[in-house]
Amino acid sequence: MDNLILMMAPLFSSKLLLVLLFGTLFGLVLGVLPGLGPTTGGALILPFTMTLDPLSAIILLTSIYCAGTYGGAITAVLINTPGTPAAAATCLDGYPLAQKGEAGRALGMATVSSTVGGIFSVIVLVFFAPILANLAYEFGQPEYFALAIFGLTMLASIGDGSPIKNLIAGAFGILISTVGKDFMTSIDRFTYGINELSVGIGFIPVVVGLFAISEMLTQSTLLDQVFKRVALKAVKLPTKDDYKKTWKTILRSSGIGSFIGVLPAEGGTVASLIGYSEAKRFSKNPEEFGKGSVEGIAGAEAANNAATGGAMVPTLALGIPGSATTAVILTGLIIHGVRPGPDLFKEQPEFLYGIFGAMLVANVLFFIFGFFGAKLFARITLVPNKILWPMIFAVSVCGTYSLSQSIIDVWIMLFFGVLGFFMRRYGFSVVPVIIGLILGELVEGTLRQSIVIFDGNWLMFLTRPIALTFFVLSLIALAFPLIRSKKNKKII
Amino acid sequence: MNNVRDKKRANKSLPFFFTTEFKVFFTIILVSTILLISTFSFDTVPPILNRGIQPATFPKGLLVLIIALTSIIYYLSFKKPWKKEKKLPKPFFLTILSFIIFITISKTLDFFLAISVLSIFVSYYWGERRIFYLLLVSIIFPLVVFIFFEMILGLRFPPGIITNLYYY
Numbered sequence: 023m024d025n026l027i028l029m030m031a032p033l034f035s036s037k038l039l040l041v042l043l044f045g046t047l048f049g050l051v052l053g054v055l056p057g058l059g060p061t062t063g064g065a066l067i068l069p070f071t072m073t074l075d076p077l078s079a080i081i082l083l084t085s086i087y088c089a090g091t092y093g094g095a096i097t098a099v100l101i102n103t104p105g106t107p108a109a110a111a112t113c114l115d116g117y118p119l120a121q122k123g124e125a126g127r128a129l130g131m132a133t134v135s136s137t138v139g140g141i142f143s144v145i146v147l148v149f150f151a152p153i154l155a156n157l158a159y160e161f162g163q164p165e166y167f168a169l170a171i172f173g174l175t176m177l178a179s180i181g182d183g184s185p186i187k188n189l190i191a192g193a194f195g196i197l198i199s200t201v202g203k204d205f206m207t208s209i210d211r212f213t214y215g216i217n218e219l220s221v222g223i224g225f226i227p228v229v230v231g232l233f234a235i236s237e238m239l240t241q242s243t244l245l246d247q248v249f250k251r252v253a254l255k256a257v258k259l260p261t262k263d264d265y266k267k268t269w270k271t272i273l274r275s276s277g278i279g280s281f282i283g284v285l286p287a288e289g290g291t292v293a294s295l296i297g298y299s300e301a302k303r304f305s306k307n308p309e310e311f312g313k314g315s316v317e318g319i320a321g322a323e324a325a326n327n328a329a330t331g332g333a334m335v336p337t338l339a340l341g342i343p344g345s346a347t348t349a350v351i352l353t354g355l356i357i358h359g360v361r362p363g364p365d366l367f368k369e370q371p372e373f374l375y376g377i378f379g380a381m382l383v384a385n386v387l388f389f390i391f392g393f394f395g396a397k398l399f400a401r402i403t404l405v406p407n408k409i410l411w412p413m414i415f416a417v418s419v420c421g422t423y424s425l426s427q428s429i430i431d432v433w434i435m436l437f438f439g440v441l442g443f444f445m446r447r448y449g450f451s452v453v454p455v456i457i458g459l460i461l462g463e464l465v466e467g468t469l470r471q472s473i474v475i476f477d478g479n480w481l482m483f484l485t486r487p488i489a490l491t492f493f494v495l496s497l498i499a500l501a502f503p504l505i506r507s508k509k510n511k512k513i514i
Numbered sequence: 024m025n026n027v028r029d030k031k032r033a034n035k036s037l038p039f040f041f042t043t044e045f046k047v048f049f050t051i052i053l054v055s056t057i058l059l060i061s062t063f064s065f066d067t068v069p070p071i072l073n074r075g076i077q078p079a080t081f082p083k084g085l086l087v088l089i090i091a092l093t094s095i096i097y098y099l100s101f102k103k104p105w106k107k108e109k110k111l112p113k114p115f116f117l118t119i120l121s122f123i124i125f126i127t128i129s130k131t132l133d134f135f136l137a138i139s140v141l142s143i144f145v146s147y148y149w150g151e152r153r154i155f156y157l158l159l160v161s162i163i164f165p166l167v168v169f170i171f172f173e174m175i176l177g178l179r180f181p182p183g184i185i186t187n188l189y190y191y
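Protein chains in written order, with the numbering used here: chain A, 23 to 514; chain B, 24 to 191.
By construction, these hints were calculated from the structure, which means they are not laboratory data. Where a beta carbon is used, it is the ideal one built from N, C-alpha and C, also for glycine. A few of these clues could be false.
[Unchecked claim] If you want the footprint, here are the derived chain A segments under chain B, 3+ residues with CB under 8 Å:
| hint | region |
| --- | --- |
| 1 | 60–74 |
| 2 | 345–357 |
| 3 | 371–378 |
| 4 | 388–400 |
| 5 | 409–420 |
[Unchecked claim] To spell it out: a stretch of chain B is covered by chain A in this simulated footprint if at least three of its residues, at any positions, have a beta carbon under 8 Å from a beta carbon of chain A; those stretches are:
| hint | region |
| --- | --- |
| 6 | 92–106 |
| 7 | 118–130 |
| 8 | 169–180 |
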């Protein structure tokens with residue numbers, strides 16, 4: 023009961039409610055614009071959160087996450103281009119249905135299933151995050167090391183891109199985290215006499231570079247691209263018949279999305295693809311998929327929004343990000359002096375339940391904004407790239423500079439922008455770099471401390487049951503894509 | 024099926040060092056090797072103070088892993104060549120050039136002048152010709168961003184010929 027009251031706190035604070043409203047609207051705008059999204063948007067807004075208290079800052083980031091994930095569906099349905107990667111599966115049926123003159127019905131189904139998926143995942147978060155946090159009390163350094171390794175190997179199993187390339191990108195992310203003074207001995211590594219590098223490479227320049235600047239370069243190669251827009255009169259709530267057809271799909275996808283979200287390093291993109299394919303597998307009319315099936319829209323949208331709450335579970339309970347956007351939220355927590363983990367649940371329940379409540383409200387808000395404002399948000403895509411991207415560049419540069427007031431950070435951002443462009447061009451996903459960077463210190467720190475504990479005997483890892491379980495799971499995660507690729511022939 | 028065969032044939036007609044796969048493989052291996060060599064110049068901790076492993080051991084392990092995995096993807100690319108990418112268009116190179124101009128101006132003249140020059144350059148070469156919009160992206164918007172960061176976040180931007188007019 024106390025927790026329920028704590029969850030309602032954002033509703034009774036005008037400041038928090040204002041932050042939520044802004045976050046939801048901003049998230050929708052980011053979600054609608056192809057190439058941007060909650061990860062880039064969260065990274066860009068992170069410097070602005072410094073003016074806010076920790077709860078407001080994290081509420082702002084989480085509301086952007088929830089609304090941004092949904093916003094991608096609007097562009098997916100109307101212009102057949104996913105606003106966010108998580109909405110890619112929504113295009114498959116959303117756009118064909120819109121082409122039949124039923125854009126309002128397609129968006130209505132996307133809005134309802136996104137909201138149900140999102141609310142379902144918040145319930146999962148409320149119940150499972152404290153359980154996982156309690157389990158974490160059993161974790162020592164070796165267990166955390168094994169868990170971080172599990173998180174990294176998950177990138178190989180179900181991340182986008184090829185498994186080996188994802189592993190290379192993940193290892194590269196960890197390597198970036200080793201730049202600067204070694205935290206145990208203060209010895210410089212990869213600094214090459216540049217003083218600014220001795221504090222390490224910041225998270226924000228890398229994220230903004232890999233997402234925003236590399237996307238700007240991608241857009242420079244797509245200037246002749248023409249979007250075919252479908253007209254939208256108004257968003258329509260699904261009919262009774264639609265509900266009958268889809269309620270099982272929505273619930274199933276909500277469960278799938280929440281589960282996939284909980285897995286370290288995975289997120290909405292994978293969840294929506296699995297949600298969509300499962301919806302097709304269980305459907306009585308699988309032949310309608312790809313031609314404008316409402317079940318297809320429901321399956322993808324419920325799953326990707328359900329992944330938002332799921333991804334927050336390991337982020338808050340263990341400090342291991344569940345997705346690229348939660349890696350940004352994790353950075354936000356650390357910047358504001360909040361250390362995620364089991365102690366957070368004991369010491370600051372009002373903070374955590376405030377976040378849970380805010381996520382719940384954000385899901386209701388994007389339903390309202392989506393239902394009444396989708397037509398308006400769709401107009402944002404009319405802003406031409408030749409105006410939009412120079413503006414995004416200005417914000418990216420100032421935002422990156424503002425965190426440490428270092429011009430070197432801006433150059434690092436540009437370097438990672440160019441690198442990110444070529445990585446994507448040659449099939450290397452940039453998400454593992456982000457996850458690797460944020461997990462890098464944890465991986466190295468826990469490994470080195472474990473070796474000290476074990477007195478240099480590496481085999482002692484195998485005497486710890488929880489660590490051993492994570493290592494076995496890591497092996498399964500590595501073996502899974504190899505088995506799958508035998509069918510799909512996609513290893514490289 | 025035919026496409027795969029065509030791709031294989033297309034790649035086979037090129038010397039191996041011209042293929043995308045080799046270029047990517049070579050670049051990663053070259054950079055990783057240089058970094059790996061540089062780890063040998065890291066300071067070492069005397070054995071009496073050393074707790075666990077040396078600071079260079081972990082990066083070394085990562086670089087060896089990257090080299091090994093890169094070799095695997097290159098080997099696998101013989102069986103399944105990568106998708107052939109389209110040639111990069113002129114605006115891409117101009118955007119990269121604008122980044123270089125940005126770095127040069129921000130280092131020598133002014134941070135905000137650099138943003139304005141990049142914005143107008145990119146916007147123009149991406150096809151914008153209307154004066155109002157060029158002014159919007161190059162002057163009005165950066166000015167709004169400057170004032171916002173200055174006033175709300177209390178940020179002090181690096182000195183330069185334009186920024187100094189505001190500060191002094």
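Taking the hints in turn, this is what the structure says about them:
| no. | hint | verdict |
| --- | --- | --- |
| 1 | 60–74 | holds (count 4) |
| 2 | 345–357 | violated (count 0) |
| 3 | 371–378 | violated (count 0) |
| 4 | 388–400 | violated (count 0) |
| 5 | 409–420 | holds (count 9) |
| 6 | 92–106 | holds (count 9) |
| 7 | 118–130 | holds (count 7) |
| 8 | 169–180 | holds (count 7) |
Violated hints, listed in ascending order, are 2, 3 and 4; each of the other numbered hints is respected by the structure.
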